[in-house]
Amino acid sequence: MDIGQGLVAIGAGLAVLTGMMTGIGQGYAAGKAVEAVGRNPEAENKIRSMLILGAAIAETCAIYGMLIAFLLIFVF
Amino acid sequence: MDKLPVAAVITIQAEVFSILLISTVLLIFFFFANRAFKKADPFAKPSGMVLLCTILVGFFDTLTTDNMGKKAARIYAPYIGALALFMVVSNLSGLIGLAQPTANYSVTLTLALITIFLVQRTKIRTNGFKGYLHGFIEPFPPFIIMNFFGTIAPLISMSLRLFGNITSGTIIMTLFYTFTGFVSGLVPVIGGFDFIGVAVAPVLHAYFDLFAGVIQTYIFIMLTTIFIGNELPQE
Numbered sequence: 013m014d015i016g017q018g019l020v021a022i023g024a025g026l027a028v029l030t031g032m033m034t035g036i037g038q039g040y041a042a043g044k045a046v047e048a049v050g051r052n053p054e055a056e057n058k059i060r061s062m063l064i065l066g067a068a069i070a071e072t073c074a075i076y077g078m079l080i081a082f083l084l085i086f087v088f
Numbered sequence: 363m364d365k366l367p368v369a370a371v372i373t374i375q376a377e378v379f380s381i382l383l384i385s386t387v388l389l390i391f392f393f394f395a396n397r398a399f400k401k402a403d404p405f406a407k408p409s410g411m412v413l414l415c416t417i418l419v420g421f422f423d424t425l426t427t428d429n430m431g432k433k434a435a436r437i438y439a440p441y442i443g444a445l446a447l448f449m450v451v452s453n454l455s456g457l458i459g460l461a462q463p464t465a466n467y468s469v470t471l472t473l474a475l476i477t478i479f480l481v482q483r484t485k486i487r488t489n490g491f492k493g494y495l496h497g498f499i500e501p502f503p504p505f506i507i508m509n510f511f512g513t514i515a516p517l518i519s520m521s522l523r524l525f526g527n528i529t530s531g532t533i534i535m536t537l538f539y540t541f542t543g544f545v546s547g548l549v550p551v552i553g554g555f556d557f558i559g560v561a562v563a564p565v566l567h568a569y570f571d572l573f574a575g576v577i578q579t580y581i582f583i584m585l586t587t588i589f590i591g592n593e594l595p596q597e
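Chains as they are written, first to last, in this note's numbering: chain H, 13 to 88; chain W, 363 to 597.
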């Protein structure tokens, strides 16, 4: 194992740090969705689909970080 | 990485066999469900196979109707149901030791491609081909770059979400079993029996295989219906 492989592993670890902020954002969105259902229970279906769409878009950034990490590990 | 020889590139992967096995199992299930429905008495209380299928069909029907409206739901509900059943069985197949098809990027990319093609088809049907092409330069012409990437971004994110969740579960379980096997090997009397793994693994399997598999299936079909429903004409 040479030093290049270790640097690639560090780079992959740094790339996955994108998941940190995504976690915060998704948790915030889920909390707000719970509040919205508590205020307006009959709109639950609409809120659920909006929550999933919003969480999916927020998750995109973490997924790109994961893609970079995969590329770093498997290509180099 | 060295250049791979040609024979190594076109090997048959283990996922092919699990896909064939899962498809066969699902076909047999559908066959027996069909037979049970033909024999069932429409006025009696549903039970057994009939009850299970009624619940499943009702679930997919309400899910598609909520996101697409009644008319489109009649067209898309069968596809969504088949997709969800295939996906949930493949995600759970890791529990019985099969190579999960969804841990292979080709499979998830194919499933996401189908969704993207359905979305584009719905867009063309709603706006006409001219309106579809015009939609790319929507606010003003330089936006063509953004709209183009907006079209293919869901492909990357949807396929990688499913693939990443299932693959990371598999990798973490492998690491866990290796580690507990190593720790158990240090205990002299029992001869390397992996007792820590046996004690702790069910909790991790419940999260990484059961919970993540079902949730990712739900998110995938939810996103498919929402994306298609967004492009449908407003009723």
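Treat the hints as calculated values from the structure; they're not laboratory data.
Possibly wrong hints are sitting among the right ones.
To be verified - Okay, derived cross-link-like pairs now, DMTMM-like style, lysine to aspartate or glutamate, Cα gap no bigger than 25 Å in a straight line:
1. W/K485 - W/D571
2. W/K433 - H/E56
3. W/K485 - W/E500
4. W/K485 - W/D556
5. W/K432 - W/D556
6. W/K407 - W/D423
7. W/K492 - W/E593
8. W/K433 - W/D571
9. W/K433 - H/E54
10. H/K44 - W/E500
11. H/K58 - W/E377
12. W/K433 - W/D423
13. H/K44 - H/E54
14. W/K407 - H/E47
15. H/K44 - H/E56
16. H/K58 - W/E593
17. H/K58 - H/E47
18. W/K401 - W/D423
19. W/K432 - H/E47
20. W/K400 - W/D423
21. H/K58 - W/D571
22. W/K485 - W/D428
How the hints compare with the structure:
no., hint, in the structure
1, W/K485 - W/D571, "violated, 35 Å"
2, W/K433 - H/E56, "holds, 22 Å"
3, W/K485 - W/E500, "holds, 14 Å"
4, W/K485 - W/D556, "violated, 55 Å"
5, W/K432 - W/D556, "violated, 54 Å"
6, W/K407 - W/D423, "holds, 20 Å"
7, W/K492 - W/E593, "holds, 15 Å"
8, W/K433 - W/D571, "violated, 35 Å"
9, W/K433 - H/E54, "holds, 23 Å"
10, H/K44 - W/E500, "violated, 32 Å"
11, H/K58 - W/E377, "violated, 37 Å"
12, W/K433 - W/D423, "holds, 11 Å"
13, H/K44 - H/E54, "holds, 16 Å"
14, W/K407 - H/E47, "violated, 39 Å"
15, H/K44 - H/E56, "holds, 13 Å"
16, H/K58 - W/E593, "holds, 17 Å"
17, H/K58 - H/E47, "holds, 14 Å"
18, W/K401 - W/D423, "holds, 23 Å"
19, W/K432 - H/E47, "violated, 29 Å"
20, W/K400 - W/D423, "holds, 21 Å"
21, H/K58 - W/D571, "violated, 28 Å"
22, W/K485 - W/D428, "holds, 19 Å"
The earlier numbered hints that this structure contradicts are 1, 4, 5, 8, 10, 11, 14, 19, 21.
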